[in-house]
Every structure is written in C-alpha cells, then in structure tokens.
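Taken in order, these protein sequences are the chains called Z and U.
My numbering applies: residue -18 is where the first sequence begins, and numbers increase by one.
My numbering applies: residue -6 is where the second sequence begins, and numbers increase by one.
No wet-lab data here; the hints were simulated from the structure.
Some hints could be false.
Stated by the list, open to error - Only some residues are given here: those of chain Z computed to face chain U with a beta carbon under 8 angstroms:
id : residue
1  : Gly573
2  : Cys575
3  : Asp616
4  : Gln621
5  : Leu622
6  : Phe632
7  : Val667
8  : Leu671
9  : Thr684
10 : Tyr692
11 : Ala695
12 : Val719
Stated by the list, open to error - Where chain Z lies over chain U, by a calculated footprint (3+ residues, C-beta under 8 angstroms):
id : region
13 : 29 to 43
14 : 50 to 58
Think of the CB as a built atom: it goes at the ideal place given N, C-alpha and C, for glycine as much as any other residue.
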Amino acid sequence: MSRIFLTTETVPDCCRAGRISSLFPLSVFVLLCFAWPGIVNGHVYQAQSAWIPSLGLNLGFRLDGLSFLFCLIITLAGFFVTLFSASYMAGKPNLFSYFFYLHAFMVAMLGIVTADHLLLLFVFWEATTVLSYLLIGFDHENTTARENARQAILVTGAGGLFLLFGILLLKTMGAPMALSQWTQMGMDIREHFLYPFIFLCILVGAMTKSAQVPFHFWLPNAMSAPTPISAFLHAATMVKAGIYLLMRFHPLLGGTSLWMGTLVVVGGITALWGAIQALAPCDLKRVLAYTTLMALGILTLFLGGQTVASLTAAATFLLVHALYKAALFLATGSIDHQCRTRDLRNLGGLFSAMPLTMLAVAAATLSMAGFPLFFGFIGKEIMYEGALSEEMFPGFATLATLFANSLMTAVAGIILLTPFFGTRPPSLGQVHEVPWTMRLGPAVMGGIGVVFGLFPEWVSANLIQPAVFAFHPSREEIRLVFFHGFNLPLLLSMITLTLGSVIYIFRISLRHRIQDVIDRLWITTPRIYQKSLDAFVAGGTWFVRRTQTGMLHTYFAVIMVTVLLIAGWAWIPHMGAALIVPDMAQISIASGICLFILAATGVVLMAKKRLVAIGGLGAVGAGVALIFLMFGAPDIALTQLLVETLTVIIFSLVLLRLPLLRTVRKRSRSRNLFDAGLSICAGILVTSFLMGLLQVPLDRNLTTFFEHYSYVAAHGRNIVNVILVDFRSLDTLGEISVVVLAAWAGVVLIRRQEKE
Amino acid sequence: MEALLAMLVGLITAAAFYLMLSGMLVRFVFGFTLMGNAVNLLIFTAGRLTHSDPPLIEPGQTGLAGPVANALPQALILTAIVIGFAMVTFLLILLYRTHHQTGTLDADQDAFLTEISLSEKGKVS
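Just chain U, same shape as in the assembly (with noise of 0.2 angstroms):
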C-alpha cells in the first residue's frame, strides 16, 4: 500500500511542478495547493500505514491497549494543512492585488514584468 502512495505523491508533486511552471499565476496556486497535499500525503506515508486504530486511549486506562497509528506524523501534518491553507489564502490575495496592478496575470508578458520593475524603481528613488 505504501509504495502505491509514494507512487501517487510522485505523480500529484509532477503535476504540481508542471503546474507551477507554466508562468500563470492563477496554474501556479493550483500547484501550489497540490504539493501541499503531495507533500502532507509524504509525511503520512513516511510515518508507515501499519495499523488502521486512532491514536487514542480508551477511557478509564492511562495507556494504549494494543498497536494504533503513528501519532507524530499526524501531529505535523495537522500543522501543515493549516499553514499551507493561510499561505494559499494570502498567495490568492497577492494574485488578486497583482491583477488589479498590472492587469494581467501572465509572468511572462513584458507588461507584467515592466509594471513590476517600474514598482520596485519607484520605491529606490
């Protein structure tokens, strides 16, 4: 099962990249939010599948019973959707802000890439 997984976190990260690469910056949000899955799906899988049981201890016991699923990946990953959700929000905005400054949101056209050199010309002097 978990080389199934890393298989799946290969190919969504190469969708990812392909995505970020094509210079739009509305695709590269889009693959920007896939790798954070690709990589939260990594952390898990790193942290093997072997059993299927919550980390959670039964009431009125003060340890595990049996064999549950590895706590500490959870943990990070439960801190990393969170963070990669407030970094997409804001990455949104500063596309939003972008498109209302130059107009467009192609990295590559001149008009792009001139409204950004003559923003940053204007703060120097």
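In isolation and in its complexed conformation, chain Z is listed as follows (with noise of 0.2 angstroms):
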C-alpha cells in the first residue's frame, strides 16, 4: 500500500482559495442536518420577507422533504466539486470567477428549489440559466465551447420564457402563487380550458432545462465546461431543475391522462435515445453524457405516473442517480487530469496506477449497473414495480425502462472496465494517483452508493418518503426493502444484467453501428436548431439592412411621419376650432415686419448661392429680433442681434470654405413633393396648436411671482435679468456650459483636422 501513496500527487498549493471556499457548501449541508429530524416528522420551514409587496411579491422560502432532498443533493455535490475543482482547476487563469460562478449558481440552485413564490422560482431559474451560461463557456477562448453556451442558454433561456408565460396563465386563472397554498386548487386547474397551455408551457419550460427529446441537445455539447461543472451540472443541479419542477406541479397539473401520456411517452423515448447514444462516442465524457440523458427520460417518465410507487421510484431514481453520476463525473476529471485524455481508445490499465479511483468509479457503476448489494439494485427493482403501475402505457414504460437499464449496464461496464483494466497504452507513460481533494468526492458519493445499498429502509424512512409526501397527497408508508421476494420485478432485474452484458460484449460493432445510424439520420434537432439560428440571423441581418440605410432623409422622414401621426391623431379633432383668421384690420408695422421675415425665409429657401443664403438667414434673425423689440422685450431682441451678427460672420468663415450650393445632384421631383408635402404638414400643425394654446388663458402665476420678488428678495430691477442670474441661476450654469462644451468640442475637432 506504501507504494501507491508514494505515487500520490501532492495537492497543489495554488489552490487554497478553492478549498476554503468549499467550506460554504460544507456549512450549509451541516445546516440542513438541523433541519433533518423536522422534515422527518412532515415538518416544513417557511422563512419570508417583503420584496415588492405592492405586487404581491415577497421573498418566500420554505423546506419541505421534496426541497430537503434536493438541498441535501446540491450542497453535498456542491461540496465535492468545489474541493475537487481546488485541485483540478490549479493553475487555471480566472480562478476567482470560476469559484464565484460555481457558489452563485448553487444558491441559484437552492434558491429554486426552496422558492415558495412561483415568480421567485422563475428568477433563480433564469439565474442558473444564464449562470450555466458563464460555466459552460468557461473556457472562452475556445469557439466550441463558447458556441455550445449560446446553445444552451438559447435553449433553455427559450424554455425559460415558456415557464413565465405558463405562470403568468396561472395567475390570470387566479391560482395562488405561493406553492404553500396549492390546496384543493387542482380540480378547478384541471377542468379549465386553459388547462393544455399551461400544462404545455410548463413542460416545455421543464423539458428544455431538463434536456428531454427533442431539446436534449444541449445537453452532451454542455461537456465543454470543465469537467467538475459537468458533474455538478448534471448530477445535482441544473437539469434536475426541470425535473423539480414536474415534481412541484404534479399535485396540481398531474393526474389527467394529458399530463400521463405525455410525460411517459417524452420520458421513455429520451430514455431510450440517451441509453443507444451512450454507447456510440469514444469521450468518457461524451458517454456519460448520454447517461444523463438517459436518468433524465427515465425521472421523466416516472413523474407522469400517480401511483406512490411510480413516484416513489423517481425520487429514488433520482438520489441514485445523483450519487453514482458525480463520483463517475469526477472520476473522469481524474482520469483526464491524469493521463491528459478521456478517450476511451486511448485508456486502459489504470487499475495499478490509480487504485483508489478505481474503487470509487467501480462502487458508483455497480450502482449504475443495479448489481444486487448497491442502492442502484435498489433503485432498479422499485423502478420496475413503479413502471408495471403506471395508469397510462404500463407495457411501453415496462419496456422502455428495460431496454434503457440494460444498455446502462452495459455503458457502466464499459467505464468501469476499459479505463482500468486490460492492458495499459504505451501512449499513456507514467500516471500517479490524484491528490485527496480529487479522491474523497468520488470515493464518498461511490460510497455512500454503496451503504444505502446495505441499509434501504433507513433511506426510505429518512429520505425517499419526506420528499414523495410532499408532492403526493397519499399518506400510505413508503419502504424500500433490501430484497422484495421473487417477483416480476427480480425478473425483470435479472434480464436486465443478462441483456446488459450481451450489449457489452457487442459493444465495438454496436459503437460502430449506432454512430453510422446518428450519421444517416436526415433531420436531427441539432441540425433545426442550426439552421433555425442562421434563419434568425439572416432574418435579422435583412431587417436591419432595409430599416437602417443611413440615409439621413429615410430617417428624418421617419421620424417626421411619426410625429405627425401620433400627433395628428390626437389634435386633428379639436383643429378646426383652434384655428383663428388673424384680424387684417390691424395693418401695423408688426404685420409688415412678418412680411419681411417671410420673404428672407423665402431667400434661405431658394438661394443658389451661399452668400445670399447666408443674408437671408441674418434677415429672419434681424426680424424676429425687431419682434422682440416691439413687444417689449429689449434685452432678448439686444441678444438676438447680437448672435445673429455672430452667426452670420461664422457661417460666412466655414461656408466659404465648403463647396459651392449647386455642386450637389438635383432630387427627383416626385421627392421634392414629398418633403414639401410633409413639411407643409409639419408648418400646418405647428400653427394649429400655437393657436389653440392662444385659445387657453394664460396661467400667470410663475410670472407673478417674478415681478413680485425681483426686487424685494433679490434687488434687481431688471426682471428678465433676475430671472437668469438669481431665480433660475443654475439654468443659466448649464448654459454656459453647453456654450463653453460646443467651443472646447469644436476646437478639438478643427485641431486634430490640422494635425492630419
């Protein structure tokens, strides 16, 4: 024994920040412990505070023994791939957000299953979606796995917006949203009309989270995270999401012959695609994610059953499933950091080199396999019973549970026996055992496979009971017996072992077959999925190249169009009465200077050259300055003309410089209708409104005060002048702001011109 922990790796010291922060998942699985009596004795623990009252939305958790299972699952794998990650990720760069995305998407994890509030729910849901999104694409420089990250949160971000649309329904049914006060609501939800969507916006919802067919997809592509992610997502987090959430609805959707059919029919051929593909990739990785698939159909399948043993089955499933997919997830991260592949071509003989490995990954394929003495057997035999009850297609889950089972058998014996036995390849050179941190998460989760195995009916008193009570209203005793008698299922377990190792021995040719079959097949999802993107974006790419031309007359006319819209929908009505004929019989020297403004407008309109435009401009400045003037407004009118003279001399310094008016190609006429038409619009509208404003007394309040207080609080006899530089003095600092910011902007602009 001395020898092989000599050739013991020692663990790195790079990594201490990855194991200190293990303790967290740690401490809160040793909370959970206090709780366990309680959830034992159908205690459930509520927590709540006030979030957004005024919606009804309020930060409720509650612990049930269905949550307890789950928290219990997520934080002990939670702590294992932490401590296994402080190893394995040594050295990596980004170790700070890898540690924080790992811990952020535990509590998101947590969150969703202890969330009482549907909403509440929906936002951890989303939380682990985009989270996983970060984890798979972890590695970010490698285009592969950035690709299959946005697959998976396009998938399952779609599927997300399912679930809230499927809640949002059942709200407007006026069913709770709190999950503590799903009673007696069911009856009403099943007999609504609206029952089929909800029904199908959750599934969908679940089904993608969970990778069911025909959104399995993502699923084997997530492996490019790395591998203690993989493990993590898929033995305790992530796509046991979806399941939770068949599992939370059940009392209230489940039970109607929609929800049975579906689910086992969805469940059982996932089940049975995810088992054949496992045979088909050489990555140790790759199988095991089918393997997942595969668990996945089967807890599926098991959940469209009502009977306590259909039920029963998948919580018991699921804990076996849990235990024996991370130690297996984790071996392989071993394997790979050992020997610097995971391609079952490439590996074999590790028996001598990583012994201790060896003995995890042989405890969680016994289990995997349903060998008699492992909780896997255990597993098997009330899987069988569960099937033989289901209400809808007994035979085909019979069936499909059998054929799914046996190709298990085989996959387990397949990465159990070709990793670590037969004859080692040169290639692999020397290999040394992982360090502790990487050993203890699979030996204990192998283990603990293997004393459930030994102790059944503490299990199900303890574990597997609390949790399928909290989701099913029968109240008969559940026991998981370590031997149940010779019946069908002990049958079906033994043909199950048969069958499993004849595959095992086909297993080459079969590997061979199954992938030439995957490779012929002439619409897969994963193709959909492809071209459906592509579709998107060339859809979007046409979109934007019609609506975005640059033009700057497609989008002033746009805009234009727009206003006058909204605008003239609104006004058009009251138009006719707002309108006043200007009374001619008060010719004055106002109306002259209208006139003259008009025609320096007139000149701007038509000038060919630049200099007469440029005069036009300072005539209508002048104009409105003699307005201004006129009705007592001397300072503005002072002001005016002083900008104007300003104005004009610029414009004269930076038009001269620019090219001649008639330099640029004449417009088509029919466009020049329409600017004209639309500007006319414009003009019309403008008058319109100033006139129906003119219509309205004049609210003098504000002015009032002025006048008041100009020289009383502020000592200026100039009101116009008290406004500026006391009463609104801070309008006057913006301002001045804008001017100086225009100037200090130009001549940056104008400066680096000269610089080219």
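Join these two chains into a complex; the hints should help.
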C-alpha cells in the first residue's frame, strides 16, 4: 500500500481559495442536517420577507421533504465539486470567477428548490440559465465552448420564457402564486379550458432545462464545461431543475391523461435515445452525458405516473443517479487530469496506477448497473414496480425502462472495465494517483451508494418518504427493502443484467453501427437548431439592411411621419375649433415685419448661392429681433442681434471653405413634392397648436411671483435678468456649460484636422 | 397679432423642415437655424403680446407700477438663443470636418455613406 501513497500527487498550493470556499457548501449541508429530524416528522420550515409588496411578491422560502432532498444533494455535490476543482483547476486563469460562478450557481439552484413564490422560483431559474452559460463557456477562448454555451442559453432561455408564460397563465386563472397555498386548487385548474396551454408551457420549460427529446442536444454539447462543472450540472443541479419543476407541479397539474401520456412518452423516448447514443462516443465524458439523458428520461417517465410506486421510483432514482453520476464525472475528471486524455480507445490498465479512483468508479458503476447489494439495485427494483403500475402505457414504460437499464448496464461495464483493466497503452506513460482533494468526492459519493444499498429502509424512511409526501397526497408508508422476494421486478432485474452483458460483449460493433445510424439521420434536432439560428440571423440582417439605410432623409422622414401621425391623431378633431383668422384690420408695423421675415425665409429656401442664403438667414434673425423689440423685450432683441451677427460671421467663415450649393446632385421631383407635403403638414400642425394654445387662458402665476419678488428678494429691477442670474441661475450655468462644451469640442475637431 | 405670428411660426417651421429634409448638409444647418428662430417666436407668442412695456421696475420703487410684458418667456428665450447659437456653431464645425473626411456634403451620396460606415467599422476593430 505504501507504494500507492508514494505515487500520489501532493495537493498543489495555489488552490487554497478553492479549498477554503468549499467550506461554504459544507456548512450549508451541516445546517440542513439540523433540520433533518423535523423534515422526517413532516414539518415544513418557512421564511418570509417582503420584496415588492405592491405586486404581492414576497421573498418566501420553504423547506419541505422534496426541497430538503434536493438541497442535500446540491450542497453535498457542491462541496465535493468545489474541493475537486481546487486541485483540478489549479494553475488555470480566472479562478476567482470560476469559484464565484460555481457558488452563485449553487445558491441559485438552492433558490429554485426552496422558493415558495412561483415568480421567485422563475428568477432563480433564469439565474441558473445565465450562470450555466458562464460555466459552460468558461473556457471562453475556445470557439466550440462559446458556441455550446450559447446553445445552452438559447435553448434553456427559450424554455424559461415558456415557464414564465405558464406561470402568468396560472396567475390569470386566479391560482395562488405561493406553493404553500396550493390546496384544493388542482381540480379547478385541471378542468379549466386553459389547462392544456398551462401544461404545455410548464412542460416545455421543464423539457428544455432537463434536456428531454427533442430539446436534448444542448446537454451533450455542454460537455465543453470544465469536468467538475459537468459533474455539478448533471448530477445535482441544472438538469434536475426541470425534474423538480415537474415534481412540484405534479399535485396541481398531474393526474390527467394528458399529463400522464405526454410524460411517459417523452420520458421513454428520451431514456431510450439517450441510452442508445451512450454507446456511440469514445469520449468518456460524452458517454456520461448521454447516460444523464437516459436518467432524465426515466425520471420524467416516472413523474408521468400517479401511483406511489411510480413517484417513489422517481425520487429514489433521483438520489441513485445523483450519487453515481457525481462520482463518475469527478472520476472522469481525475482520469482526464492524470492521463491528459479521456478517449476510451487510448485508456486502459489504470488499475494499478489509480487504484483508489478505481474503487470509487467500481462502486458507482455497480450501483449504476444495478447489481445487488448496491443502491442502484434497490432503485431498479422500485423502478420496475413503478413502471408496471403506470396508468398510461405501462407496457411501453416497462419496456423502455428495461432496455434503457440494460444499455446502462453495458455502459457501466464500459466505464469501469475499459479505462482500468486490460493493458495500458504505451502512449499513457507514467500515471499517478490524484491528490486526496480529487479522490474524496468520488470515494464518498460511491461509498454512500454502497451504504444506502445495505440500509434501504433507513433511506426510504428518512429521505424518500418525506420527499414523496411533499408532492403526493397519499400517506401510505413507503418502504424500500433489501429483497422484495421472487416477483416480476426481480425477474426483470435479472433480464436487465443478462441483456446488459450481451450488449457489453458486442459494444465495439454496436458503437460503429450506432454512430453510422446517427450520421445517416436525415433530420436531427441539432441541425434544425442550427438552421433556425442561421435563418434568424439572416432575417435580422435583412431587416436591419432594409430599415437602417444610413440615409439621413429616410431617418428624418420616418421621425417626422411618426410625430405627425401621433400628434395629428389626437389633435385633428380639435384643430377646426382652434384656428383663428388674423384680424387684418390692424395692419401695423408688426405685420410688415412679419412679411419681411417671410420674404427672407423664402430667400434662404430658394438661394442658389451661399452668400445669399447667409444674408437671408441674417435677415430672418434681424426680423425676429425687431418683433422682440416691439413687444416689450429689449433684452432678448439685443441678444438676438448680437448672436445673429456672430452667426453670420461664423457661417461665412465656414461656408466659404465648403463646396458651392449647386455642386449637389438634383433630387427627383417626386421626392421634393413629398418633402414639401411633409413640411407643410408639420407647419400647419405647429400653427394650429399655437392658435389652440392662445385660446387657453394664460397662467401668470410664475410671472407674478417673479415680478413681486424681483426687487424685494433679489434686489434687481430688470426682472428678466433677475430670473436668469438669480431665480434660475443653475439653468444659466447649464447654458454656459453648453456653450463652453461646444466651443471646446469645436476646437478639438479643428485641431485634429490640422494635425492630419 | 398673435394669430399672425402663429401663421408666421408655422411657415418658418415648414421651410425649416423642408431644408432639413433636403439631404444636403449645408441646407440642413440653414434649416436648423431657421427652426431655432421659429421656436423662439413660438415661446414668445405663447406668452402673449398684450403689453409693450418691458418688465422693468422703475428706480426708487420696489414693485411694478403698471402691467408689463411677460418676463418668463423672455428669460426662457434668452437661454434658448445662446444655446441655439452654440449648437449651430458646433454643427458648422462638424460640417467642416465631415467635408474634409468624406469630400462631399451630400448625405445621400454613396461616397458619404460608405465613408461613414467605414470609419465606424474602423472604430470597432
């Protein structure tokens, strides 16, 4: 034995942060254990605090048997995964983000399984989607990893929208949003005409998250995540969220033939397809990914049932799978880490080099294959019992379970025998055992599988029964026993093992055949996904090309038409009353000035020469100044004149360096007419607005205030000036800032041009 | 009188919009300047033109003796004129730069469009 420990790698020093942060999931796990006795007695722990009371949203959490089972699995797997990562990821970049995402993901997952309010559950649901994206794409410099992460977020994100829609439909039906208030609601909802839609929305949400056919393809691709992450995602979190959702909704939506039929068929197909595909790849991690598909399919299949046996099978298999899958993924990580390959063709004979890892893998795979004495065996017995008791398609369910399990047995054989036995390929070279941080997880998870297999009654009383009671009204006692006696499930178990061995013997030829069939499939969901994604991008490009032309005229015209339509819609009915005909009897100097301004505007409009246009502009400005002067505003008249002079000077300075007006191409006649029509409409709108405004009595409150306090409070006799520099001095400061900013930007622009 | 000014404001606005739609950047700035004048006149008219005495308090007195013109819109316009001036100046400099960069001031011309999109792409990469 001493030789073994000598060849063990020491724990690298650089991963202390990872080891310390693993205390977080561990402490949550320990805390949970304090709640254990209460949970077994059927107690439900609740905590509430207000979040958005006006919307009826509370931060409500509750811990019942089902949440508890999930929480235990999540925190235990979280602990071992963190500890494992501490060594596995040592020396990799961005470790801080890695552990941050990992723990955040765990918290989000705990949030899903403990949330009391459906919308809160949805928030955590989306959080796991986003965080899984970050984790799957953690190796973000790798294009494939990025694409796979995007695939995962698109598929699960779309499913999340369905879930939200389903929740909102439930809300419109008046169903309570808090899980704790779901009593006696089920009947009304199942008979409501909206029930199929709600069921569909919730189902699609669960199917995308839990990778059911046809949304399964993202899961094997999510293998581009670092291996510990895959272990966490597959064994305990992410993909189990959909299963949790189905369990939670079971009392509310379950029991109808729609629910039972759909779940059994979808689950059965997923289980079979996943199990068959698990034989095809040579990459150990991909093999495991497909076995996860199989497990998720089986879980869905059993959730389609209504009997205690079927739901017990689901809860038991959930635990069985979490234990062996976490152990196997972590062990695969160990193999990959030490051998720098996880290709089954290049692995073999690791028995002597990694004996401790081998033991853990052996425990896990034997549980997975369902050998007697292991927890998987108990799970398999109850699975057959559950499948036989399904109300819809029991035959199909039993056959699907039988074949999926046989294939699993064969795959378990491949995972255990290929890497560890036989001759070691010379390409592997010297291989060492992994440090204790990486051994502990597989060993404990595999070991629990053995212990649970020996004490099934303890497990059923303390874990499975509280979980099943949380989502099933029946209170008949649930007992998992070591030996059920000679009955049909036992016979099926024996058939499974035999069939599994046969498949194992023909594994190599089967691998090629299955790969062949998959390659020849003329339509596959990944291809549909890729095609629709391409079509979406192409459609977006087409749309942008058509709408975002970059043409000033188009943008401006669109804005104007929109404003005219919106304003005109509301205003046109009142326009007739607003119009006033000017009283021509009062021909005064002012009318003359108006005509002058109009003429000057016409000059600007028609000008073919730059100087003429500038002159016209100056004339308009001067005319406006005269109007100000006539109606008691000498201050602004003065300012206007000053500014107008400056404007004319600057215009001349700039325009004389620019090309002549007539060098521009002529516009088409129809476009000119269109522009003119649009402009005239805008002019009419402005005029009628102003006329309408003039008929409303003027509110002089503010003016009176300023007039009254101008001298009394601010000691100024010029009221306009007092407003500017005293009452509204901050506005004036803003105005000055604009001028400074414009000047500054202008100087920079000109200077840079001179440099070029 | 207000009705007359309202019509004047509408006409200047129409002319300004027409110029801004032309797609010629120089005429766009002309339109912009005209628009500033139109808006100032609009605010002024909306404050009524009933009194022609400027809002000044006679020396030796603490309040107004009789009715005067509305001081509030005048203060607003004063600010608007200055800001409008700063804007027009900045626009003109932009125009100058644009011409230097693209060689044209016709916003509808392909040369203008490609030059703008090219320089945008350059920034991205």
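Comparing the hints with the structure gives:
1. Gly573: This hint is violated: Gly573 of chain Z lies away from chain U, its Cβ roughly 11 angstroms from the closest one there, beyond 8 angstroms.
2. Cys575: Given a least distance of 5 angstroms, the restraint on Cys575 of chain Z holds.
3. Asp616: 7 angstroms, holds
4. Gln621: Because about 6 angstroms separates Gln621 of chain Z from the closest Cβ in chain U, which is inside the 8 angstroms limit, the hint holds.
5. Leu622: 10 angstroms, violated
6. Phe632: Holds. Min distance 7 angstroms.
7. Val667: 5 angstroms, holds
8. Leu671: Holds, about 4 angstroms.
9. Thr684: 5 angstroms, holds
10. Tyr692: With Cβ-Cβ at 5 angstroms, under 8 angstroms, it holds.
11. Ala695: Constraint on Ala695 of chain Z not satisfied, violated at 11 angstroms.
12. Val719: Cβ of Val719 of chain Z sits 5 angstroms from chain U, so the hint holds.
13. 29 to 43: As far as the region 29 to 43 of chain U goes, the hint holds, because 11 residues have Cβ atoms under 8 angstroms from chain Z.
14. 50 to 58: holds (count 7)
Violated hints for the displayed structure, listed by number in ascending order: 1, 5, 11.
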